[in-house]
Structures are given as structure tokens and as C-alpha cells.
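Participant: So you can see what is in the structure, the chains are spelled out below.
Protein chains: 2
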Amino acid sequence: MKLIKLFFTSLIMILSSTDIAVADTPEPSNNIDYPVGWQKWSPIAVSHRTDNNTSRVILGNSIAVEAARTGKINPWPDGAILGKVVWKDRQLKDWKAATAPGKFVHAEFMFKDSKKYNKTYGWGWARWVGLSQKPFNDGGKSCISCHTPVKNRDWTFTDPAVFPTIK
Amino acid sequence: MKLIKLFFTSLIMILSSTDIAVADTPEPSNNIDYPVGWQKWSPIAVSHRTDNNTSRVILGNSIAVEAARTGKINPWPDGAILGKVVWKDRQLKDWKAATAPGKFVHAEFMFKDSKKYNKTYGWGWARWVGLSQKPFNDGGKSCISCHTPVKNRDWTFTDPAVFPTIK
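Protein chains in written order, with our numbering: chain A, 164 to 330; chain B, 164 to 330.
Derived from the structure by calculation, the hints contain no laboratory data. Treat the numbers as computed from the prediction; the structure is a model and nothing was measured. Don't take every hint at face value.
Since copy identity is lost for identical chains, a pair holds within one copy or between any two.
[Said to hold, decoys possible] Using 20 Å as the maximum straight-line C-alpha spacing, the simulated EDC-like pairs for lysine to aspartate or glutamate come out as follows:
#1 K203 / E229
#2 K256 / D322
#3 K304 / D276
#4 K251 / E190
#5 K330 / D187
#6 K203 / D257
#7 K235 / D276
#8 K314 / D241
#9 K259 / D187
#10 K314 / D257
#11 K235 / D322
#12 K282 / D196
#13 K297 / E271
#14 K259 / D317
#15 K266 / D252
#16 K266 / D322
#17 K251 / E229
#18 K278 / D214
#19 K235 / D317
Build out the structure end to end from the sequences listed, making use of the hints.
Facilitator: What follows is the structure, encoded as C-alpha cells:
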């Protein structure tokens, strides 16, 4: 009896944890899968937009970071993923002249694959909104529209920040 | 004769590569070893200081990032290292209302070890300046002086940015 109870308890625990894991991964945006783990990617740059009062960090997967740090970004290599994480501005409590991240707005991504995404200029465009990471789905139209002025820079606004190189 | 030549060539190559590796790792700052690999740490926050026109990303080692994302930061856990990477402001070329990283200024770090650094409030304070990463050595006096207003926040200014949690 004890063994049967243990079996069902274990089964329920396994099923529950699976359900949670699946349920918690956001649905695709523009048919692109959520890039699980982006929150631990490395920085490529930061930016502060005073037109809409937002603070940003631009992150990359390992391929993008390697390309950024070595200046091989026009074009960016296939496999590179760039992430832009956006927060509303907030004044830093203990340093009034500093702007810091406030409310989380969204995380948006560019997935470089010159073949797969050849109809959208070599990039897959995706965005997940709010802390619930609700997928944005317009086929990338608004992303492409905004990024058109930088089409000669492989569609990216970001100038990678300069980091000291230590061998 | 060939073997002797090969031996000495190999020896010279080994010694040279060792020399290069050692020479390229910056000297300690305030007796603290350079945290090799910080350029690939994950972000904790960003900030933009309008009093001295600098853009910053605040990074952490894995212990610090875990603490930041779960709000366990007063006190920060032993082993946590926080890094603040500072650039002079630059206007983003293709988006005039955005400030982006320009010239690299320095990278400064706080190393949490409540026992080892108990004389300096539980933190080791270090800074490496410029792209050559020249160590700054004042025993942490200037760091501590500036951070004294936030001593009740375990000596840190940074409010970790909110990131969406995906399991």
C-alpha cells in the first residue's frame, strides 16, 4: 500500500513539474520559439532613450557576443541572437542624477538566419511583452518598419560597447 | 640536431605563451585579483548618470545574479561579485534621442566576503581603469567614501532590474 501511494505521489509530482515547465514557457512570437535562458546572456551594450523614457540592455547569445566583441557585425553571423530588454525609467533612489530600470516593459529579439529568414531581411523578429511574456504577433512588420533606416548596418541600431580584452 | 632544435623551439613557445598570459592579466587592485571573465557575466541592472554623463551596466557573477533575481541582497551572500562597467556617453548615431556607450572608462567591482573583508564592511573594493585595465590602488578609500550613504543597503546603490522568470 505504501509503495503504491509512493508511486502515485511521485507520478503526480513528475506530471505537475512537467506541466509547470511547459506552461511557463511563453508561446512563440511570429512563429519563433522563446529563447529560454536569455536572462543570463552577456551584455553587448546599453541604451537610454529620452524620447520614451526607457532604459535598455542589449544582450546576445554566445555567437552574437563573440561577433560583437570582435567587430564582425555587418553582417552578423548566422546563429546570432540579439536581445533588447526594456524597462521604464526610474530615478535611482540614492543617486538622484542616475536613471535606473523601473517597470519591465518587454524583451525583443532578432534571430539571424540568412536562409530561414531571407524574406524578412535575414532576421527573425520577435517580442514578448510584460512579465508574463505575452508573445507579440504582427509578423515582424512593426520591427522591420522601425529598423528600416539601419538596413545598411544589417538592420541593427546597436553599436557594441567596447570591452577590455584580457587573454 | 633536429630534435634539439625542436626541443628549444617548443620550450620557447611554451615560455612565450606563459609570459603573454601572465602579462595580459592585470595586476591586483587593492590586493584583489582580477576577476577574469567578467566580460561575459550576466546583467543585474543598467544606469545612466547625467551628472557625469556616463552609461553603465551592472553585472554579477553567478552567485550575485542568483541573489539579485531572487531579491536576497541585504545582505548580499558571501561569494557574490558585483561589477560596474562604465563608459562615457555617446549619442546613438541612428537614433538621436538615445544615449549609448562611448569611450570605455573603467570596470569596478565589489567582492562580498564578510569574514575576509570584515574591516572594509564585508566587501573587497577594486577598480581597473581604461582598456589597459590599470589597477587602482587606494585601499578602497574612495569607493567606501562614495558608498557610505548606502551602508544600510549593504553598501550597494544598485536596485536589481526586474526580469521575467521563466521556469
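Participant: Give the relationship of K235 and D322 under a CA distance limit of 20 Å: within one copy only, between copies only, both, or neither.
Facilitator: within (11 Å within a copy, 34 Å between copies)
Participant: Are the CA atoms of K251 and E190 at most 20 Å apart within a copy, between copies, both, or neither?
Facilitator: neither (24 Å within a copy, 39 Å between copies)
Participant: Pop the pair K266 and D252 into one bin, within, between, both or neither, using alpha-carbon distances up to 20 Å.
Facilitator: within (8 Å within a copy, 23 Å between copies)
Participant: At most 20 Å between C-alpha atoms: does K282 with D196 qualify within a copy, between copies, both, or neither?
Facilitator: within (18 Å within a copy, 49 Å between copies)
Participant: Check K297 against E271 for me: Cα-Cα at most 20 Å, and say if that holds within a copy, between copies, both or neither.
Facilitator: within (11 Å within a copy, 36 Å between copies)
Participant: State whether the alpha carbon distance between K259 and D317 is at most 20 Å within one copy, between copies, both, or neither.
Facilitator: Between copies, since 19 Å is at most 20 Å while 37 Å is not.
Participant: How would you label the pair K314, D241 (within, between, both, or neither) given a Cα cut-off of 20 Å?
Facilitator: within (17 Å within a copy, 47 Å between copies)
Participant: Checking K203 and D257: alpha-carbon separation at most 20 Å within a copy, between copies, both or neither?
Facilitator: neither (27 Å within a copy, 28 Å between copies)
Participant: Could you place K235 and D276 in one of the four classes (within, between, both, neither) given a Cα distance threshold of 20 Å?
Facilitator: within (15 Å within a copy, 39 Å between copies)
Participant: Treating 20 Å as the Cα threshold, decide for K235 and D317: within, between, both or neither.
Facilitator: Intra 11 Å, inter 40 Å, cutoff 20 Å: intra-copy only.
Participant: When no copy is specified for K278 and D214, does a C-alpha distance of 20 Å or less occur within a copy, between copies, both, or neither?
Facilitator: Close neither inside one copy (35 Å) nor across copies (46 Å); limit 20 Å.
Participant: Could you place K203 and E229 in one of the four classes (within, between, both, neither) given a Cα distance threshold of 20 Å?
Facilitator: Both. Shortest intra-copy (15 Å) and inter-copy (10 Å) distances satisfy the 20 Å Cα cut-off.
The structure is inconsistent with the numbered hints 4, 6, 9, 17, 18, although it conforms to all the rest.
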